[in-house]
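**Q** Below, each chain spelled out in residue letters.
There are 2 protein chains.
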Amino acid sequence: MNIAILGYGTVGSGVALIIEQAHTPFTKKLHVKHILIRKGKNKILSTMCDDIHTILNDKDCDTVVETMGGIEPAHTYILQALKSGKHVVTANKAVVAKYLQEFIECAKENHVKFYFEATTGGGIPWIEGLDKAMRIDEIDHIYGIFNGTSNYILDHMERYNADFDKILKEAQSLGYAEADPSADIDGFDIRNKLRISASLAYAFHVPEDFPVYGIRTITKQDITYFKHLGYHIRLVAKTKRQGNKYGCVVEPVLFPQNEIESNTKNNYNVITLHGKTIGDLKFYGQGAGKLPTANAIVQDMIDINENTTRFETSFTNQMHYDKSLCLCDYIVRTSTKAFGAFSDCSYTLDTYQGCEYLHIKKVAVYLMHQYMREVMKTDPNAFMASIFEGENDD
Amino acid sequence: MNIAILGYGTVGSGVALIIEQAHTPFTKKLHVKHILIRKGKNKILSTMCDDIHTILNDKDCDTVVETMGGIEPAHTYILQALKSGKHVVTANKAVVAKYLQEFIECAKENHVKFYFEATTGGGIPWIEGLDKAMRIDEIDHIYGIFNGTSNYILDHMERYNADFDKILKEAQSLGYAEADPSADIDGFDIRNKLRISASLAYAFHVPEDFPVYGIRTITKQDITYFKHLGYHIRLVAKTKRQGNKYGCVVEPVLFPQNEIESNTKNNYNVITLHGKTIGDLKFYGQGAGKLPTANAIVQDMIDINENTTRFETSFTNQMHYDKSLCLCDYIVRTSTKAFGAFSDCSYTLDTYQGCEYLHIKKVAVYLMHQYMREVMKTDPNAFMASIFEGENDD
Numbered sequence: 001m002n003i004a005i006l007g008y009g010t011v012g013s014g015v016a017l018i019i020e021q022a023h024t025p026f027t028k029k030l031h032v033k034h035i036l037i038r039k040g041k042n043k044i045l046s047t048m049c050d051d052i053h054t055i056l057n058d059k060d061c062d063t064v065v066e067t068m069g070g071i072e073p074a075h076t077y078i079l080q081a082l083k084s085g086k087h088v089v090t091a092n093k094a095v096v097a098k099y100l101q102e103f104i105e106c107a108k109e110n111h112v113k114f115y116f117e118a119t120t121g122g123g124i125p126w127i128e129g130l131d132k133a134m135r136i137d138e139i140d141h142i143y144g145i146f147n148g149t150s151n152y153i154l155d156h157m158e159r160y161n162a163d164f165d166k167i168l169k170e171a172q173s174l175g176y177a178e179a180d181p182s183a184d185i186d187g188f189d190i191r192n193k194l195r196i197s198a199s200l201a202y203a204f205h206v207p208e209d210f211p212v213y214g215i216r217t218i219t220k221q222d223i224t225y226f227k228h229l230g231y232h233i234r235l236v237a238k239t240k241r242q243g244n245k246y247g248c249v250v251e252p253v254l255f256p257q258n259e260i261e262s263n264t265k266n267n268y269n270v271i272t273l274h275g276k277t278i279g280d281l282k283f284y285g286q287g288a289g290k291l292p293t294a295n296a297i298v299q300d301m302i303d304i305n306e307n308t309t310r311f312e313t314s315f316t317n318q319m320h321y322d323k324s325l326c327l328c329d330y331i332v333r334t335s336t337k338a339f340g341a342f343s344d345c346s347y348t349l350d351t352y353q354g355c356e357y358l359h360i361k362k363v364a365v366y367l368m369h370q371y372m373r374e375v376m377k378t379d380p381n382a383f384m385a386s387i388f389e390g391e392n393d394d
Numbered sequence: 001m002n003i004a005i006l007g008y009g010t011v012g013s014g015v016a017l018i019i020e021q022a023h024t025p026f027t028k029k030l031h032v033k034h035i036l037i038r039k040g041k042n043k044i045l046s047t048m049c050d051d052i053h054t055i056l057n058d059k060d061c062d063t064v065v066e067t068m069g070g071i072e073p074a075h076t077y078i079l080q081a082l083k084s085g086k087h088v089v090t091a092n093k094a095v096v097a098k099y100l101q102e103f104i105e106c107a108k109e110n111h112v113k114f115y116f117e118a119t120t121g122g123g124i125p126w127i128e129g130l131d132k133a134m135r136i137d138e139i140d141h142i143y144g145i146f147n148g149t150s151n152y153i154l155d156h157m158e159r160y161n162a163d164f165d166k167i168l169k170e171a172q173s174l175g176y177a178e179a180d181p182s183a184d185i186d187g188f189d190i191r192n193k194l195r196i197s198a199s200l201a202y203a204f205h206v207p208e209d210f211p212v213y214g215i216r217t218i219t220k221q222d223i224t225y226f227k228h229l230g231y232h233i234r235l236v237a238k239t240k241r242q243g244n245k246y247g248c249v250v251e252p253v254l255f256p257q258n259e260i261e262s263n264t265k266n267n268y269n270v271i272t273l274h275g276k277t278i279g280d281l282k283f284y285g286q287g288a289g290k291l292p293t294a295n296a297i298v299q300d301m302i303d304i305n306e307n308t309t310r311f312e313t314s315f316t317n318q319m320h321y322d323k324s325l326c327l328c329d330y331i332v333r334t335s336t337k338a339f340g341a342f343s344d345c346s347y348t349l350d351t352y353q354g355c356e357y358l359h360i361k362k363v364a365v366y367l368m369h370q371y372m373r374e375v376m377k378t379d380p381n382a383f384m385a386s387i388f389e390g391e392n393d394d
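Chains A and B supply the protein sequences, listed in that same order. Reminder that position 112 of the first sequence reads as 112 in the UniProt record's numbering, one-by-one numbering, no gaps. Reminder that position 350 of the second sequence reads as 350 in the UniProt record's numbering, one-by-one numbering, no gaps.
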């Protein structure tokens, strides 16, 4: 298999490194022929080029690995590669969440493969696990910690009783968080990953307009309060279906101490699916990082090269977002003057170290996020989290 | 695909049920043609027969699912089926642990598949996950909770401060434990699963003569003591390799509260592998039960029917059991008169509610099990557990 890698950043160079250093019967068959770098950059390797057409026109190059990130030119290059009869493997969640259906249909038309394991859960074989489970079960529930950066921040704030800003800076200096951390801490990265997962599970390209609430306003004291109640907080994406109705949300969730999620530390991810015959399956591992993400890309390439049959997603379902499908209990920290937003809810009030926390019972997730948008207008430092509804597994 | 199911107990009937009730494009292609039952039993279904030759001689039947359990006649029937050019899928860990190499080599010679996902970790896609990880990484470490019954017992003793015998009876009445629970609580079931996993990871059919210590002698008070030290106890199988040296052991392990294993409840399993580029991957789910186990069998059949390429294990390595590769800290409860067995070790003594517990530092696993065999001769109620050595993931 002759490969072209688009982009030579952390993940792209990780792919080249694994192909060079892993000497298994499978990796030995992979050969990096081209590396596309930006125009004007130094071509330090003989395989480097700066024109996508060098790759598109090379009939001997059968697989393109896209690790550039962002929407354009990634979207255009992926389509061009598929139309040139090349398989495409990508780690780019933003472009896949947006164009999943177009890419999959284009790949089918051109009799090539489009694989994207590395977009969701880094090195965790999640996409394949989900695809496989669907060969037998309808998947009616997916939830999990899909983002290493936000998990690192919450876990370390908890463990070291530290402020958000201090841990964010630490995560940035370790390379876990970007200079602009918005995608990670405001939940947009996770939204993309949930959208990809739910679209596969529901055979329907899920639109992105579901509620998303991040962790930007969480304080050290919130965490102490949640701990005092026996909870650990994690930023979670979840989706549920019932027939052709579904709900999706990204929000902070409070888990009891003895749940797997409460004990998912540092930048690890854990993703759960539920199906009728398989029950709960959880996949745990490194959700980001050079080698784990590159590992997922190389696994996709091996599947293509070995001609491994995988579940072929089609988008034949018509699903409807149901605003009342998901109900949760919530805890909200806000100032007294914002309480009016919750006048339609049933709640109790708790005061902890001078802060007021509302405990709200069984409210529709969609409504709750609407209320919080109102609250944030008058109290931009407010924070909310839902309470995990465990299966009754005793 | 025309299937013959050998045995119609919990798992065999679960396979038939999934094929009947799951209506996916994959399961629709599976057709149960024969069910082998014991001679003299009532043939309540038209597909039932009591002579293996009916199946072996049926050229239209391409796949045999063995769910009888035990060594014979399972071993003979599996070989006969493979030699008749039929694929074989099995859930029988005892026969696979013992004859793995023979079965795989026989399948290769006859150009058919031999798959056994359901032997290890029930519905968890563990064998496939391990196979897949090995396409890139050498797997140098595997450990986990491989047995639902023992996990149910330990978790419930802990949670309800209950005696071993009471919870064992409860597990038996729920169908989680056999009338003769020895295989589960003495660690032999887990030994088979570790042997299968390690043999795949090391490309070497690992012999069964590694140390195994179960949970038969654990008391309510031991659990209270471990809790007081901050530990949860789980029955664990683990293996480690370094070059062509390896170690394997089954023993009770003490995990700190915030480890995933400590929070693996009821009859769930969690299995971890470690590889150079992928790091730690954990697979969590129902390690036993009618539908999860049947799900794993149906997945194997779908892989065969879809002609999915999987990693082909060969047994080309020459590995050596290294007695000094694994060192652990241990806690032992025994009577003063048995202390002499540990005279070569460095230990401290702790007394808790009238019981004496030795804390032993860094002793070779192999030696420790030897010492305990001595101790059990004079104190048959003694108990030991090792202390989990976590990765330093902070």
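The set of hints was computed from the structure by calculation and includes no laboratory data. This one's a predicted model, so the numbers in the text were calculated from it and none came from an experiment. All C-beta atoms in this analysis are idealised placements derived from N, C-alpha and C, irrespective of residue type, glycine included. Mixed in with the good hints there might be a few duds.
Unchecked claim - Looking from chain A toward chain B, a few residues come up when the C-beta cut is under 7 Å (computed):
{"no.": "1", "residue": "His23"}
{"no.": "2", "residue": "Leu30"}
{"no.": "3", "residue": "Arg135"}
{"no.": "4", "residue": "Ala162"}
{"no.": "5", "residue": "Phe164"}
{"no.": "6", "residue": "Asp165"}
{"no.": "7", "residue": "Pro256"}
{"no.": "8", "residue": "Asn258"}
{"no.": "9", "residue": "Ile260"}
{"no.": "10", "residue": "Tyr284"}
{"no.": "11", "residue": "Pro292"}
{"no.": "12", "residue": "Asn295"}
{"no.": "13", "residue": "Ile302"}
{"no.": "14", "residue": "Thr309"}
{"no.": "15", "residue": "Ser314"}
Claimed, not checked - What follows is a set of in silico ranges between Cβ atoms, one per label pair, in the way DEER data are often shown:
{"no.": "16", "chain 1": "B", "residue 1": "Gln242", "chain 2": "A", "residue 2": "Lys43", "range": "35 to 43 Å"}
{"no.": "17", "chain 1": "B", "residue 1": "Glu72", "chain 2": "A", "residue 2": "Gly243", "range": "25 to 33 Å"}
{"no.": "18", "chain 1": "B", "residue 1": "Lys29", "chain 2": "A", "residue 2": "Lys41", "range": "47 to 55 Å"}
{"no.": "19", "chain 1": "A", "residue 1": "Leu45", "chain 2": "B", "residue 2": "Lys245", "range": "13 to 21 Å"}
{"no.": "20", "chain 1": "A", "residue 1": "Lys245", "chain 2": "B", "residue 2": "His23", "range": "46 to 54 Å"}
**Q** May I ask you to test the interface hint for threonine 309(A) with respect to chain B, counting a Cβ-Cβ separation under 7 Å as satisfied?
**A** Holds. Min distance 4 Å.
**Q** Let's test the interface hint: is any C-beta of chain B closer than 7 Å to that of alanine 162(A)?
**A** With a closest approach of 13 Å, the alanine 162(A) hint is violated.
**Q** Could you tell me whether the CB distance from glutamate 72(B) to glycine 243(A) stays inside 25 to 33 Å?
**A** violated, 48 Å
**Q** Min Cβ distance, isoleucine 302(A) to chain B: is it shorter than 7 Å?
**A** holds, 5 Å
**Q** Hint validation: aspartate 165(A) versus chain B, beta carbon distance must be below 7 Å. Holds or violated?
**A** Hint on aspartate 165(A): violated, closest Cβ of chain B at ~20 Å, above 7 Å.
**Q** Does isoleucine 260(A) hold up as a contact with chain B if the rule is Cβ-Cβ below 7 Å?
**A** Constraint on isoleucine 260(A) satisfied, holds at 6 Å.
**Q** Should the hint that asparagine 295(A) touches chain B count as held when the rule is a Cβ pair under 7 Å?
**A** holds, 5 Å
**Q** Less than 7 Å between beta-carbons is the criterion; does proline 292(A) satisfy it with respect to chain B?
**A** Given a least distance of 6 Å, the restraint on proline 292(A) holds.
**Q** Go through the hint on serine 314(A) and say holds or violated, using the shortest Cβ distance to chain B against 7 Å.
**A** violated, 10 Å
**Q** Is it true that the C-beta distance of leucine 45(A) to lysine 245(B) lies inside 13 to 21 Å, as the hint says?
**A** violated, 38 Å
**Q** Within 47 to 55 Å: is that where the Cβ-Cβ distance between lysine 29(B) and lysine 41(A) falls?
**A** The hinted range 47 to 55 Å holds for lysine 29(B) and lysine 41(A), with Cβ atoms some 51 Å apart.
**Q** Hint check: is the beta carbon of asparagine 258(A) less than 7 Å from a beta carbon of chain B?
**A** Holds, about 5 Å.
In this structure, the earlier hints numbered 1, 2, 4, 5, 6, 7, 15, 17, 19 and 20 are contradicted, and the remaining ones agree with it.
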